[in-house]
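Peer 1: Those protein sequences? They're chains A and B, same order as listed.
My numbering numbers the first residue of the first sequence as 1115 and each following residue consecutively.
My numbering numbers the first residue of the second sequence as 1115 and each following residue consecutively.
These are computed hints drawn from the structure, not numbers from a lab.
Each hint should be verified, as a subset may be incorrect.
All copies of an identical chain are treated as equivalent in the list; a pair is satisfied when it fits inside any one copy or across any two copies.
Each computed SDA-like pair below joins lysine to any residue, with the alpha-carbon atoms no more than 25 Å apart [claimed, not checked]:
#, residue 1, residue 2
1, Lys1234, Asp1256
2, Lys1234, Val1204
3, Lys1174, Ile1389
4, Lys1302, Arg1264
Protein chains: 2
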Amino acid sequence: MALIVQKYGGSSVGNVERIKRVAKNISNTRSQGNQMVVVVSAVADTTDELISLAKQINPKPSSREMDMLLATGEQVSIALLAMALEAINVPVISFTGPQVGIITDNVHTKARIKQINTEKIEGELAKDKVVIVAGFQGKTIDDEITTLGRGGSDTTAVALAAALKADLCEIYTDVEGVFTTDPRIVPKASKLDRITYDEMLELATLGAKVLHPRSVELAKLYDVKLCVRSSFVNKEGTFVVKNQLIEKDLVVTGLAYDLNVAKIGVFDVPDEPGIASKIFDGLAVANINVDMIVQSAMRNNINDIAFTVPKDDLDKALQIVEEIGKEIGASEITHADDLAKVSIVGAGMISSPGVAAKMFHILAENNINIEMISTSEIKVSCIIKSNEVEKAIQALHDGFELDKINS
Amino acid sequence: MALIVQKYGGSSVGNVERIKRVAKNISNTRSQGNQMVVVVSAVADTTDELISLAKQINPKPSSREMDMLLATGEQVSIALLAMALEAINVPVISFTGPQVGIITDNVHTKARIKQINTEKIEGELAKDKVVIVAGFQGKTIDDEITTLGRGGSDTTAVALAAALKADLCEIYTDVEGVFTTDPRIVPKASKLDRITYDEMLELATLGAKVLHPRSVELAKLYDVKLCVRSSFVNKEGTFVVKNQLIEKDLVVTGLAYDLNVAKIGVFDVPDEPGIASKIFDGLAVANINVDMIVQSAMRNNINDIAFTVPKDDLDKALQIVEEIGKEIGASEITHADDLAKVSIVGAGMISSPGVAAKMFHILAENNINIEMISTSEIKVSCIIKSNEVEKAIQALHDGFELDKINS
């Protein structure tokens, strides 16, 4: 008897018919002799609607009350899904995150899971029940309701799979698996049968919206067997696995892009120890994720620093940087938000020199200007103008022959 | 410095503008130097929408999952109201019922409050914050989420006022106070300045939807000073007080009616001890409230029993009664659901004989047939056809001269 954790995203439970279909799918998996824990997101658009309602009342609500508000979305989903299972005579019980013992830190709207108490779930599994858990949410040790941020339901699922030592964690979504790139941009994009944690992590971080990067990190850390598949089409999805399970390491496995990119430039700052840390500490305290950082070669002990942040955080980041800029004597602070990041990812890159050069060559051939570059062992990312993303992805997909990936 | 508990119903927080108005009202009361605890219901219609959604998925959802679903309604309200107060710089914190320590029994969808832990609220009041609490909900000692049933938010407010020893409990609603009867039926109906707990209790039980009877019971038991007033019009409402505060005891203070009445008749049951208890125990176990009970004079050791139940519970009650009917050898079981109850209420009735007779006389004059009668020290209720309610109320209001009540 296997223990399977399934996660269904917001579009998978988007209306009454879909909720019933999910219930049927759970019932089928269970009747094959599996124990089931099911994580559900808020019904599609609910979270956005709640946020929009909140903003009408208060343009800047406290994050504590935002969590209080948003946590209701998943609570509705778990109750409805439990009712759908009751209707087809599957024994079931639902729990909110706080109720089931998902303990987080106290960073409201972006909380991290600290601990999961599994007794309650294990007790109900022993009674042969399907256990439904609200994704995206937990509580602090002081009983404050927290949410994990966007994509947090994936994280809940993987964390539960790790804590319960589940045999498999299936992430059901509205796509059939992980593709070489976004099929809406490149119709020839192919579904991958397998991908490594590291590749998935790069793809996830870089904006392929299939899996939240934190969930992939967690899966890698606790060796959780992950599978991404469609809740609408009954087809095998993409397995996310350790390196050794990949039979042939492709040089480039996938392309990702991210439109949520803004750039801030800080000019003429003294080349002294601690200057960069002043800027980035300030941003870290405000919980702003800095992605790429480029520091120019110094001239006369003066530096220019440029970095990217999520577009949503640009205003907050600018405010902080302008304050610190005065303090450290920066001559000018610039910003731009018409940018995007395109990336190529592949575990095979480590042993294949020239992949980055090929990428730059393809972009240059298509007259696409590169504003910033960042590389890791298994990915190369370029910041370009956002209106050139589609052209870039199309050209790179052709150039790296990703349509032939499963052949 | 007074401690005031305010409760706002669903229509009072029915849209963004109303939520902002409620926040302003709270801020005004606070700036007069009061400590504030505020209980909020779900935004108007939310609960009904959630129930309708649930029924599309499962016509008979378990009451546990129903509570899981319904509890989200108030959680949305408390978060939005807290945000509205934040927007006008009032220090505030919101809590769900389970979170703040409202402990109930485990009768899902109809739970009763067993205990309230006030430390959390008192801690936040000491920090000078307005404390917002979700009405209608609590948790069992096993952390299961429960709801208190319709009108439960009034009960939450009064229970909190009792536990916190508040100086006043204000119930804000969409009417200006308690009226002699429904102003929609009798335009001349007058607002009462004061009413006793007992009178209010009869009026509440009998279907005047201003206050939930459980909340009035609780207020009487713990001597909570209650006030019912409008959240739309800034006028003094109706104070609900102990007997001695009423200056003149009116013979009849108010008229109430209830359209949620169904009757069940059980014919030819043996006149033996335990027969009635068999029927009513069965109904009690199913949590069905039986209201009036009439047992006919016996003939040949055979009885007829008739009683009323809420119309919503008729199907469930019939099923139970038919089963027990077979067991006890009843010859026939009948039912009717085109009935209503009209009642006259007044603390002065105790010392005024002939009030019941006057009521029967007025109804007879208007050709209204009485199907069942029940009386207490301060009320007389008659079951009549539901299509005659309006005529009855109009005639009784005129007959008892209730339009002259405050003069």
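Peer 1: What hints, given by number in increasing order, does this structure fail?
Peer 2: Violated hints: 3, 4; rest satisfied.
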